[in-house]
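Turn these sequences into a full structure, and let the hints steer you where they fit.
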Amino acid sequence: MKLWKLGREVRGMHVNELFIELQDFTLEKSHAQYSAFAVGSEIEGYPISVLGKYEGTAGDSLVYHAGMRFSTHDMDHDGWADGNCAHSHKGAWWYNGCDTSNLNGQYLNGEVPENYEYQGMYWYDWRGPSYSLMKSRISVRPRSQVYTVTENLGRTKLGDNSIQDKHVDKDHNRALNLQQLQQEALDKSQYTE
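If you're matching positions, the sequence shown starts at 1 in the UniProt record's numbering and goes up one per residue.
Quick caveat, the hints were computed from the structure, so don't treat them as lab data.
Any given hint could turn out to be false.
What the hints assert, rightly or not - Using C-beta positions, here's what the derived DEER-type ranges look like: (1) H31 - A81: 32 to 40 Å; (2) E28 - S139: 15 to 23 Å; (3) R141 - A81: 24 to 32 Å; (4) K29 - E111: 30 to 38 Å; (5) G79 - Q106: 21 to 29 Å; (6) E55 - H14: 17 to 25 Å; (7) I138 - S41: 13 to 21 Å.
We put the CB at the ideal spot given by N, CA and C, even for glycine.
Here is the structure:
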């Protein structure tokens, strides 16, 4: 299988499931599960290239980061023209000028003062940026099928080689458009364990 991504040919990607477990300092746990998850290549900057349907109790604080490349203090890919999110938020992540989650932030102790917001390990939709979590665990397992998406000249090529016309408005954010195309392809795919 082949994948046309942003106008160039690459091999089909293998898609995984993603499970994120969070725990606060009262020992309460929450989770976020995504039906599909894939990260692009080193050459592409390790973007979240596929993010599937969310289920869970923590809220979806990762969807904002879909399509973003991984940023570190010395490799800034966050889209923030005036700074570096990895530097100011104290951890590497898939920043989107900046973030709604950061599980690589500083290990702080629960509630943090206002001047430390967004610097701890946090999940916006669960405890928010003013609370640094005690634990997080990110687990990935392979899905049973290879999944491909094509975005080239406004068309989507699904894993079964069918093609669906898609009008692409060039004024829209490409990451959001790619995420929509991926979700449409996921909705059409059959998942088997």
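Hint check:
{"no.": "1", "hint": "H31 - A81: 32 to 40 Å", "result": "holds (35 Å)"}
{"no.": "2", "hint": "E28 - S139: 15 to 23 Å", "result": "holds (19 Å)"}
{"no.": "3", "hint": "R141 - A81: 24 to 32 Å", "result": "violated (37 Å)"}
{"no.": "4", "hint": "K29 - E111: 30 to 38 Å", "result": "violated (18 Å)"}
{"no.": "5", "hint": "G79 - Q106: 21 to 29 Å", "result": "holds (22 Å)"}
{"no.": "6", "hint": "E55 - H14: 17 to 25 Å", "result": "holds (21 Å)"}
{"no.": "7", "hint": "I138 - S41: 13 to 21 Å", "result": "holds (19 Å)"}
Hints 3, 4, counting from the list given before, are not met by this structure.
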